[in-house]
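S.K.: With these hints in hand, go ahead and build the complete structure from the sequences.
Number of protein chains: 4
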Amino acid sequence: MKPGNKRGFASDNNAGVHPKILEAVVQANQGHVVAYGDDPHTESATRKFKEIFGEDTEVFFVYNGTGANVLSIQALTDSFQAVICAETAHINEDECGAPEKFTGCKLLPISTGNGKITVDQIGLHLHALGNEHHAQPRVISLTQATELGTVYRPQETEEITRFAHQNGLFVHLDGARIANAAVSLKTGLREITRDVGIDVLSFGGTKNGIMFGEAVVFFNRALARDFKFIRKQGAQLASKMRFIAVQFEALLTDDLWRRNAQLANNMAALLEREVRSIPHLTITQPVDANAVFAAIPPRHIQPLTQEYFFYVWDEEQSIVRWMTSFDTTQEDIMGFVALLRRVLA
Amino acid sequence: MKPGNKRGFASDNNAGVHPKILEAVVQANQGHVVAYGDDPHTESATRKFKEIFGEDTEVFFVYNGTGANVLSIQALTDSFQAVICAETAHINEDECGAPEKFTGCKLLPISTGNGKITVDQIGLHLHALGNEHHAQPRVISLTQATELGTVYRPQETEEITRFAHQNGLFVHLDGARIANAAVSLKTGLREITRDVGIDVLSFGGTKNGIMFGEAVVFFNRALARDFKFIRKQGAQLASKMRFIAVQFEALLTDDLWRRNAQLANNMAALLEREVRSIPHLTITQPVDANAVFAAIPPRHIQPLTQEYFFYVWDEEQSIVRWMTSFDTTQEDIMGFVALLRRVLA
Amino acid sequence: MKPGNKRGFASDNNAGVHPKILEAVVQANQGHVVAYGDDPHTESATRKFKEIFGEDTEVFFVYNGTGANVLSIQALTDSFQAVICAETAHINEDECGAPEKFTGCKLLPISTGNGKITVDQIGLHLHALGNEHHAQPRVISLTQATELGTVYRPQETEEITRFAHQNGLFVHLDGARIANAAVSLKTGLREITRDVGIDVLSFGGTKNGIMFGEAVVFFNRALARDFKFIRKQGAQLASKMRFIAVQFEALLTDDLWRRNAQLANNMAALLEREVRSIPHLTITQPVDANAVFAAIPPRHIQPLTQEYFFYVWDEEQSIVRWMTSFDTTQEDIMGFVALLRRVLA
Amino acid sequence: MKPGNKRGFASDNNAGVHPKILEAVVQANQGHVVAYGDDPHTESATRKFKEIFGEDTEVFFVYNGTGANVLSIQALTDSFQAVICAETAHINEDECGAPEKFTGCKLLPISTGNGKITVDQIGLHLHALGNEHHAQPRVISLTQATELGTVYRPQETEEITRFAHQNGLFVHLDGARIANAAVSLKTGLREITRDVGIDVLSFGGTKNGIMFGEAVVFFNRALARDFKFIRKQGAQLASKMRFIAVQFEALLTDDLWRRNAQLANNMAALLEREVRSIPHLTITQPVDANAVFAAIPPRHIQPLTQEYFFYVWDEEQSIVRWMTSFDTTQEDIMGFVALLRRVLA
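First to last, the sequence lines map onto chains A, B, C and D. All residue numbers for the first sequence refer to our numbering, where the first residue is 1 and numbers rise by one. All residue numbers for the second sequence refer to our numbering, where the first residue is 1 and numbers rise by one. All residue numbers for the third sequence refer to our numbering, where the first residue is 1 and numbers rise by one. All residue numbers for the fourth sequence refer to our numbering, where the first residue is 1 and numbers rise by one.
Read the hints as simulated data drawn from the structure, not as lab findings. Hints should not be assumed to be uniformly reliable.
The list cannot tell twin chains apart, which means a pair is met if one copy fits it or any two copies do.
Computed list of lysine-lysine pairs in DSS-like fashion (alpha-carbon distance at most 27 angstroms, straight line) [as the list claims (entries may be wrong)]:
| id | residue 1 | residue 2 |
| --- | --- | --- |
| 1 | K20 | K6 |
| 2 | K186 | K6 |
| 3 | K186 | K50 |
| 4 | K6 | K48 |
| 5 | K48 | K228 |
| 6 | K50 | K228 |
| 7 | K20 | K48 |
M.R.: Here it is in structure tokens:
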């Protein structure tokens, strides 16, 4: 590791690429293949997805999570419709208005304590269905694991998807950290997506050891009909597609996705365990996945970030966020804990 | 080279990654760096651009050429404005309407014989400046080298940029193959862009040996003011930015960009030389860069594509396009020429 | 008539409101009715449309022709699709890029001599159906009468609509001057729209004696499904809808639409007849409806516009356009002809 | 009044046109004038606005309130920016997502009890200025009188505009009922708009006796620079503009705007006074302008709407809204009050 590249707890996308994935990229660099996805690597990666999610799954690789989210939603909506999501959802808070720009739709954010929305809250937005003066709810977008590090139980997801489908709505899942959720729930990937009624999934790779690339996975083929045009017009069609495809192929081989996520989750759990006893520090969210949220006195933040980089999540309440990643080590955690003990003492 | 990965002449983006560039990617995979471009690799790559194009240049990395083009144009326009370009321009023909979708602007295509537009043709579109019933021309978008493998001479570009600026228009350059143009003109990169009045450049990497990534280069800082927001909202901000940045750093080190482009251009020149004498084959465009356009009888096309993949450019006139790339070899050319001789005999 | 309000030949929308229509507006100003179209006037005007075009017609009133055109097209398209039209089409030339802004679609303009496009020309744009790199043609938009004062014969329209439907395209008709076309063809309104395969019609009122308002008429109910939302989001839903509705009711009562258009067409025919013998003046288009296009020497234009306001259509070729309207009188024509004789002598 | 046109309390846009305004429309129907606003009526109406708001005011007539609001905001923003407004704002609740569609911007709604937002609430949305991951607040949009019938005091407005300008934001005012606010505050129109720092005003006419038409009024000329293009591309440029212009001329002559609004406000005040003593009825908002909000038991609503049409504002809390208009009479109020007494007894 070069100086200045010290592992911190800022984000799982501050990490680099898992060696197995990088190796796959290097291996794929042989001769010419047809551009834009009509190549054997893309075919083979697509096959992996179908093995996991079912034969009639449609998979499209794109560049990044924002691309996956906004194009998914575009595929499900017309501009006069609306998207219901948590106020803390990445699409609402962290994409600079990309969903509105790409789709023309209104977002209907729901205030939550823990990043998870409920059927009751969703229901409040359905009072004006059919009334042309109001943007018409069409999509519910969930995040799994949520931006607050919590995880929807399968029955929670299913309750929402059932309600959605009864009311003519689709459910999109922002799965930037879907692997962390599956590990947390001790399930496979299908059990918490397709099997509980999700219609379209943004399948995340970058936060789980990939260099670049996400996958849009449709569990309803009719919804995927126009997606190749949407992706191209959305500037998310990679010419040298093979280099995204082989990364996903590697991630889905020998459960690498699970091992990476397991490691990150374990490290978050370790961090939580170790800091629980530290005075002046309160864990503010259940640590379901690979994020630890903690309230600490403002004056202690700067001494900490000098040694380990991380973000303040909520300045007013002085809540910080610590993310672990596939390459976080026990030493990283124990070093950070030691510093926390010193500073907060 | 694996079977099925045979080098053909379909496109310079069917090639893989130059070994030096791949090596740089592998080297960059060390530890954590801040995501989204606030890292030393991005700083260093940006420095390279400034050395070439001038200190007051602003550089932004994006994922691909369509992204570079449409976001550049968005930075220069309001939705009620129009973009003048060649009918054959990538933005007009090959981006599935992305410019219209991202910017709301009308494209005003100009019919050309050789992919290059002229001041006289541009002038015909300026008859209604200030008239609110007509979309207002604001940007002229040129491609260099053009989609037809031709190259604007510096004085041709300058005539257009001077005319543009006199009329309150900006000039965008789609430089997907800017390196091939510089090699063709025996100049540096700055002499055919900034020095001849270009305002914003889509600097191409993928067609010249990069895995993924293009750069948007502003020569007018005021125009770059909002670009970081435009890039993020346009879903073109890479989280693990270092892996784009190091590729450009490698490409701009020791003139690798030039060597790659020189090789591709040389191979196209060789191909042209060899096929000129073949009967029933007519070269239809000057071979300025790395493309050879040829008219051949329709019945001969299929026997050729069985062995070397390439595209039919114009079915009605039976014109085919052969692209060379940084990894095309003399053997590739001579093998293809031998086949051509056999088939067209 | 107040001084300064002299009738000229600039445009049929420089005229005022037909007295019968104004009277209907005045009569409708009684008490309260529900806003936004849920009122008896709107019901009654809708009935008139159904009597003419068939019971299963869907009618929506909007504010103006641009609104009718762009929202019609929005109802038929997704953003990655394209609209084929004449280069001279109002949607292409005179709406400041509104179609691109509202729909995100690319317009594919066809160069014509007389404003009318043909199946052969349309066919040239269908070469890349299904190819995601190209905006996908979805709508053919015709204008009737055209912007050049010509009229599609029913069999011409039908040939286009048949070709369109065979290729999975819809046909929109910009009927800003549909009444003038029907009069010219000595048919009813249905025979040249629904009966020859048109899918959606922008039914013009303003150029035929109405104060404000156009109607979007769907002959395919499925296409109208979301239009009420599209209209509202497009800012084209009038709150005091009754005042648009009663104007259309009056226009469609006792064939007022026909009488107005007949008068305008007659006056154009008279003008053409009278000027044919004037030296240095060439009629450049068939006078099918209420427009006369003539080439006259540039130096004569200013003396003419001093007395009668009209527009130069093509400065390079010195072609002017003279429009007649429902209120043009024989005296207007003869006065203008006398002036023409004097000036061009 | 025809049967079925009984005056109710549903909305001030269920009313018709004030006789003086209708008379102006009839008077304007003389001969030809140049279309699209280059006519003496538009000039004269514009003059009236300048007399009221200052010589350097720029005025543009559009069709309706949604058009005025969304195009105003478009003139002030880029797509990556955001608009702060009350949750109950018309732009947020009642325009079917038109602001998002026209501008691409995110709306940042603020929950309020009375429709009025405060500097403290606005401040909470400014935490990420300059951070490209978040849509950048650019406009604060206020409504005056608010959708809840309340009115910002001049010092309240000024506090917001001062804060906005200090933070690089503009303030838009949705003045659909600006006349009612001025009457309520016993001021002129300028004192509660330009003089307290508003940048752009949607000046409402339709809810105060006009047939159709609103005015966009810029107090900062630089912001108006491109508005003529924005209006045209937004499908809000009326061809027979004179018929909008003369209505505003009439409305601004002899203080007709004030008399109409005064009457409506007086009737709301009368209604409030009369119903205060009725049991099982609670007034829920201050009656500052021409709206009365009241909580009444759900079972009483249907018997009331059978005789007088009005809307339920909040089903859960069983709150109804009664709007008065320029043509509401004392008899209307007393008749309704008598019914209320009977039903709620």
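S.K.: If a hint holds in the structure, say so; if it does not, say that too.
M.R.: Status of the hints after comparison with the structure:
1. In this homomeric assembly, K20 and K6 come within 27 angstroms of each other (Cα to Cα) both inside a single copy, at 21 angstroms, and across copies, at 26 angstroms.
2. In this assembly of identical chains, K186 and K6 lie within 27 angstroms of each other by CA distance neither inside one copy nor across copies; the values are 31 angstroms within and 44 angstroms between.
3. Proximity of K186 to K50 under the C-alpha cut-off of 27 angstroms is restricted to the intra-copy arrangement: shortest distance 21 angstroms within a copy versus 50 angstroms between copies.
4. Taking CA atoms no more than 27 angstroms apart as the test, K6 paired with K48 passes between copies only; the shortest distance there is 25 angstroms, against 34 angstroms inside one copy.
5. Proximity of K48 to K228 under the C-alpha cut-off of 27 angstroms is restricted to the intra-copy arrangement: shortest distance 20 angstroms within a copy versus 36 angstroms between copies.
6. For the identical chains of this complex, K50 and K228 are intra-copy neighbours only, at 18 angstroms inside a copy versus 37 angstroms across copies, given an alpha-carbon limit of 27 angstroms.
7. When the C-alpha separation of K20 and K48 is checked against a cutoff of 27 angstroms, the pair qualifies only within one copy, where the shortest distance is 16 angstroms, while the shortest distance between copies is 31 angstroms.
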